[in-house]
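Undergrad: If you want the building blocks of each chain, they are given just below.
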Amino acid sequence: MLNRTADNVARATPEPLAKKIRGISDKGLAWLFISPTILLLLAINIFPLFWAIYLSFTNYRANRPNDVVKNLGFANYKRILGDQDIWIAMQTTAHFVFWTILLQTVIGFTLAWLIDRKFRGHAFWTTIILVPMMLSPAVVGNFWRFLYEPQIGLFSYVVSFVTGIPPTNVQMLSNVEMAPWAIIIVDTWMWTPYVMLICLAGLRSIPEYIYEAAEVDRASNWRQFWSITLPMALPFIMLAVLFRGIENFKMFDMVNLLTGGGPGSTTEVASITLKRQAFESWRTGYSSAFAIILFVAVFGLANIYVKALNKVKQR
Amino acid sequence: MKSTLKLALGLASAITASTAVANVAHAEDLTLCWAAWDPANALVELSKDFTKETGIGMKFEFVPWTNYADRFLNELNSHGKLCDLIIGDSQWIGGAAENGHYVKLNDFFDKEHISMDDFVPATVVGYSEWPKNTPNYWALPAMGDVVGWTYRKDWFSRPELQKEFKEKYGWDLAPPTTFDQLKQIAEFFQKRQIDGKTVYGASIYTERGSEGITMGAMDVLYSYGFQYENPKKPYEMEGFVNSDKSVKGLEFYKALYDCCTPPGASNSYMGEGVDAFKSGQVAMHMNFAFTWPGLQKDENVGGDKIGYFVNPKGPDGDQFAQLGGQGISVVSYSDKQESALKYIKWFANKDVQAKWWSLGGYSCLNSVVKDPKFPSSQPYAQAFLDSMAIVKDFWAEPSYAPLLQASQKRFHDYVVAGQGSPKDALDGLVKDWTQVFEDDGKM
Numbered sequence: 000m001l002n003r004t005a006d007n008v009a010r011a012t013p014e015p016l017a018k019k020i021r022g023i024s025d026k027g028l029a030w031l032f033i034s035p036t037i038l039l040l041l042a043i044n045i046f047p048l049f050w051a052i053y054l055s056f057t058n059y060r061a062n063r064p065n066d067v068v069k070n071l072g073f074a075n076y077k078r079i080l081g082d083q084d085i086w087i088a089m090q091t092t093a094h095f096v097f098w099t100i101l102l103q104t105v106i107g108f109t110l111a112w113l114i115d116r117k118f119r120g121h122a123f124w125t126t127i128i129l130v131p132m133m134l135s136p137a138v139v140g141n142f143w144r145f146l147y148e149p150q151i152g153l154f155s156y157v158v159s160f161v162t163g164i165p166p167t168n169v170q171m172l173s174n175v176e177m178a179p180w181a182i183i184i185v186d187t188w189m190w191t192p193y194v195m196l197i198c199l200a201g202l203r204s205i206p207e208y209i210y211e212a213a214e215v216d217r218a219s220n221w222r223q224f225w226s227i228t229l230p231m232a233l234p235f236i237m238l239a240v241l242f243r244g245i246e247n248f249k250m251f252d253m254v255n256l257l258t259g260g261g262p263g264s265t266t267e268v269a270s271i272t273l274k275r276q277a278f279e280s281w282r283t284g285y286s287s288a289f290a291i292i293l294f295v296a297v298f299g300l301a302n303i304y305v306k307a308l309n310k311v312k313q314r
Numbered sequence: 000m001k002s003t004l005k006l007a008l009g010l011a012s013a014i015t016a017s018t019a020v021a022n023v024a025h026a027e028d029l030t031l032c033w034a035a036w037d038p039a040n041a042l043v044e045l046s047k048d049f050t051k052e053t054g055i056g057m058k059f060e061f062v063p064w065t066n067y068a069d070r071f072l073n074e075l076n077s078h079g080k081l082c083d084l085i086i087g088d089s090q091w092i093g094g095a096a097e098n099g100h101y102v103k104l105n106d107f108f109d110k111e112h113i114s115m116d117d118f119v120p121a122t123v124v125g126y127s128e129w130p131k132n133t134p135n136y137w138a139l140p141a142m143g144d145v146v147g148w149t150y151r152k153d154w155f156s157r158p159e160l161q162k163e164f165k166e167k168y169g170w171d172l173a174p175p176t177t178f179d180q181l182k183q184i185a186e187f188f189q190k191r192q193i194d195g196k197t198v199y200g201a202s203i204y205t206e207r208g209s210e211g212i213t214m215g216a217m218d219v220l221y222s223y224g225f226q227y228e229n230p231k232k233p234y235e236m237e238g239f240v241n242s243d244k245s246v247k248g249l250e251f252y253k254a255l256y257d258c259c260t261p262p263g264a265s266n267s268y269m270g271e272g273v274d275a276f277k278s279g280q281v282a283m284h285m286n287f288a289f290t291w292p293g294l295q296k297d298e299n300v301g302g303d304k305i306g307y308f309v310n311p312k313g314p315d316g317d318q319f320a321q322l323g324g325q326g327i328s329v330v331s332y333s334d335k336q337e338s339a340l341k342y343i344k345w346f347a348n349k350d351v352q353a354k355w356w357s358l359g360g361y362s363c364l365n366s367v368v369k370d371p372k373f374p375s376s377q378p379y380a381q382a383f384l385d386s387m388a389i390v391k392d393f394w395a396e397p398s399y400a401p402l403l404q405a406s407q408k409r410f411h412d413y414v415v416a417g418q419g420s421p422k423d424a425l426d427g428l429v430k431d432w433t434q435v436f437e438d439d440g441k442m
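Chains Z and H supply the protein sequences, listed in that same order. Under numbering that gives the first Met the number 0, the first sequence has 307 at position 308, and the numbering climbs by one with no breaks. Under numbering that gives the first Met the number 0, the second sequence has 301 at position 302, and the numbering climbs by one with no breaks.
Since the hints were derived computationally from the structure, they do not count as laboratory data. Cβ coordinates follow ideal geometry from the N, Cα and C atoms, glycine included. Mixed in with the good hints, there may be bad ones.
From chain Z, some residues computed to sit far from chain H (all C-beta separations above 10 Å) [claimed, not checked]:
hint : residue
1    : ILE45
2    : LEU80
3    : TRP98
4    : THR162
5    : ARG222
6    : GLY244
7    : TRP281
8    : VAL305
9    : ARG314
No more than 25 Å apart at the CA atoms, straight line, and that leaves these computed lysine to any residue pairs for SDA-like [unchecked claim]:
hint : chain 1 : residue 1 : chain 2 : residue 2
10   : H       : LYS103    : Z       : PRO64
11   : Z       : LYS77     : H       : ASN98
12   : Z       : LYS274    : H       : ASN98
13   : H       : LYS80     : Z       : ASN65
14   : Z       : LYS274    : H       : SER209
15   : H       : LYS253    : Z       : ARG144
16   : H       : LYS131    : H       : GLU271
17   : H       : LYS430    : Z       : PHE73
18   : Z       : LYS69     : H       : ASN76
19   : H       : LYS441    : Z       : ASN58
20   : H       : LYS190    : Z       : LEU146
21   : H       : LYS277    : Z       : ILE151
22   : H       : LYS47     : H       : ASP334
23   : Z       : LYS274    : H       : LYS430
24   : H       : LYS430    : Z       : ASN168
25   : H       : LYS190    : Z       : THR162
26   : H       : LYS196    : Z       : ASN168
27   : Z       : LYS77     : H       : GLY427
28   : H       : LYS253    : Z       : VAL175
29   : Z       : LYS274    : H       : GLU271
30   : H       : LYS190    : Z       : PHE154
31   : H       : LYS253    : Z       : MET177
32   : Z       : LYS249    : H       : ASN66
With the rest of the complex left out, here is chain Z (with noise of 0.2 Å):
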């Protein structure tokens, strides 16, 4: 049946097209398939790339497409990397960076070694663990606000029952000292299942005969979990650090849903700064250059990163 219609095909098809298809060579038939995708890929992401470069150099503005557009050389790079709010907007990036990839690493990890036990019902808390990853950071925000909110949320009362602090002085996001804490609660309680759910495949991957060997060897459960399954895991430990740290260096929806970036600019991470330059200021040219800064920055860090996950999978 299949055959027949496609000498229908065939024999539908004319002539001079025939020929002209039949001429194309498997490369050229791969390019053209391809090619759709190529230029796809061309006009939005390789396009807005260079555009964003050429713009970095200028002082364009988008709010105002009539003003004369400069050429400043280097001049909004300069202003950038000698801008004190800046720097501080790229400490809190990596304060929030390091605590959220150091707790879901561990607590994913720990989660994940728990679950391969294959206890009774692992199935189905493997699950429930992994809802939260399954919600709109939308909706996780605007929920962890109500969850946060001091009068009448929930997380004040469960901390004023454990510590007996009165629950309206529990102000998560209100507290400058406990704001960037209450965006790292939230974004280990979405994101730790991601984790857990790639040291998860990597703990499956170890084949039981090394364990076996090492029983025959009398190695103590705890030399197993540092001498085999440590190491094992480590190159999907590592994959999944590298995928949180890119995403959490960009990260945007769940502090600008929590706080907004304050109280004042505690939690003002890089891309709110970019977004309020860019968006919000209207500094196009000089939003471009940061932008091509942060990205410099999270290519460079996450191609060394590579590196080392590759030499790790080498051993």
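Model the placement of chain H on the given structure of chain Z, informed by the hints.
TA: Coordinates of chain H only, in the frame set by chain Z:
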């Protein structure tokens, strides 16, 4: 058969014709862009009369306040045709005029005998003119608004509270006339038990993301002596923005935030303020006057339980209030400018303006607000009138956005996060604003 064919043809023609007529009517529909809030609903109601009179349909694009500026400034900057008419914020006027987003209305006003002298002067300067104080009009004053205060009249009138207050502060518990009095009242109510519930002193603007804390702090700073620039030398800000009086004003705002706001009110603006007042959390509530009709009608805190007062005086007796509100403009990228101008002409009409006020909009037309019956037309009408007489507005320069971002950051850093001193905050603000004007080539 022939007659059936004729009937079918006739029906087909009728359907085609009616569709065409419908399409023509549809093509003439105007889209009006504004914020999603109570007055917008009143405008929908009001605009039904315009459709009745002219046959021009009205569509509305309302966006929540938090996204209002982002959404519509993007639309204007990209020369979008979504909006034929826009009720844009007062601070946009400079940028919209200089970048050609709005149609200049002078010729139209002359032709239609619409005089700006018929409108409240502050609203003409605030919503219509660019450059300020010159007869260049880009909008018709549409929605007067100003920051004022509401208070719990029922709490203020309780004899036991009045007695206790008098004993403590030596004066009668009544709407404050100075900021010092306001703070005393706020302190008095802070964490007080009323009807078995803990209540707080005041809800003030502290929002970080858009313009909240700037509107709130400026509302106080003006009356303390803050000035944007040297009146004799434009853009000279040193000694004006960061004068000793301004420093005291900002210090007061922080003190009010620290002593007398509900817990967690670190990112509070119009909506949060209304919520705090409606839920019976606060004794006083700073907010734009547009919120008053809704609060007046509220079953729990409205009616006889609510009172209104004008922004109090500063230490030297100066009294100003932050201007809100907007003018209505014709978008220069619209293909339906003629119809849009018809709407403006209709909206400027005296009777329409009177109905606008009765529906919950704040008319800026003198004949409405100077009507002898106006002060008693609503419980908040007098407070609105008095407030409109003392307004000041934020920069309306084309670069208002970076100017606003700078003040948001400096004020929030000091008032909410407690970083640095008020002097540091205002010195930093002078530095930031100077940089913006230097970038613009104005300094």
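Undergrad: Confirm or reject each hint.
TA: Hint check results:
The beta carbon of ILE45/Z is kept farther than 10 Å from every beta carbon of chain H, the shortest such distance being approximately 22 Å. The claim that LEU80/Z lies off the interface holds: its Cβ sits roughly 16 Å from the closest Cβ of chain H, which is beyond the 10 Å cut-off. Residue-level check passed: TRP98/Z sits 20 Å from the nearest beta carbon of chain H, beyond 10 Å. With a least CB separation of 16 Å from chain H, THR162/Z remains clear of the 10 Å interface cut-off, as annotated.
Look at ARG222/Z: its CB is around 50 Å from the nearest CB on chain H, clear of 10 Å, so calling it non-interface holds up. GLY244/Z, annotated as away from the interface, keeps every beta carbon of chain H farther than 10 Å; the closest lies near 27 Å. The Cβ of TRP281/Z sits about 6 Å from the closest Cβ of chain H, inside the 10 Å cut-off, so the non-interface label is violated. Against the 10 Å criterion, VAL305/Z stays outside the reach of chain H, whose nearest CB is about 36 Å from its own CB.
Against the 10 Å criterion, ARG314/Z stays outside the reach of chain H, whose nearest CB is about 47 Å from its own CB. Between LYS103/H and PRO64/Z the alpha-carbon distance is near 19 Å, which keeps this suggested pair within the 25 Å criterion. The straight-line distance between the Cα atoms of LYS77/Z and ASN98/H is roughly 29 Å, outside the 25 Å bound, and the hint therefore fails. Of the supplied pair hints, the one linking LYS274/Z and ASN98/H holds, its CA atoms being roughly 22 Å apart against a limit of 25 Å.
For the given pair, LYS80/H sits about 18 Å from ASN65/Z by alpha-carbon distance, which is consistent with the 25 Å threshold. For a cut-off of 25 Å, the pair hint linking LYS274/Z to SER209/H stands: about 12 Å separates their Cα positions. Between LYS253/H and ARG144/Z, the direct Cα distance comes to roughly 24 Å. Compliance with the 25 Å bound is thereby established for this hinted pair. Of the supplied pair hints, the one linking LYS131/H and GLU271/H is violated, its CA atoms being roughly 32 Å apart against a limit of 25 Å.
Among the hinted pairs, LYS430/H with PHE73/Z is consistent with the structure: their alpha-carbon atoms are about 22 Å apart, no more than 25 Å. Under the criterion of a C-alpha separation no larger than 25 Å, the hint pairing LYS69/Z with ASN76/H is consistent with the structure, at around 19 Å. Taking the CA atoms of LYS441/H and ASN58/Z, the gap is near 15 Å; set against the 25 Å cutoff, the hint holds. With a C-alpha separation of about 22 Å, the suggested pair LYS190/H and LEU146/Z falls inside the 25 Å cut-off, and the hint holds.
Only pairs whose Cα atoms come within 25 Å are accepted, and LYS277/H paired with ILE151/Z is accepted, the gap being roughly 16 Å. At most 25 Å may separate the alpha-carbon atoms for a hinted pair to count; LYS47/H and ASP334/H meet this at roughly 22 Å. With a C-alpha separation of about 22 Å, the suggested pairing of LYS274/Z with LYS430/H holds against the 25 Å cut-off. Using a Cα cut-off of 25 Å, the hinted pair LYS430/H and ASN168/Z is violated, with the two alpha carbons roughly 36 Å apart.
A threshold of 25 Å between alpha carbons decides the hint, and for LYS190/H with THR162/Z the separation of about 22 Å falls inside it, so the pair holds. Annotation: proposed proximity of LYS196/H to ASN168/Z holds, straight-line Cα distance about 17 Å (limit 25 Å). Restraint check for LYS77/Z and GLY427/H: the C-alpha separation of about 20 Å stays at or below 25 Å, so the hint holds. Our distance criterion of 25 Å between C-alpha atoms is met by LYS253/H and VAL175/Z, whose separation comes to about 15 Å.
Among the hinted pairs, LYS274/Z with GLU271/H is consistent with the structure: their alpha-carbon atoms are about 24 Å apart, no more than 25 Å. Between the alpha carbons of LYS190/H and PHE154/Z the distance comes to roughly 21 Å, so the proposed pair stays at or under 25 Å and holds. About 20 Å separates the Cα atoms of LYS253/H and MET177/Z, which keeps this hinted pair within 25 Å; it holds. The suggested pairing of LYS249/Z with ASN66/H holds, with an alpha-carbon distance near 21 Å, which does not exceed 25 Å.
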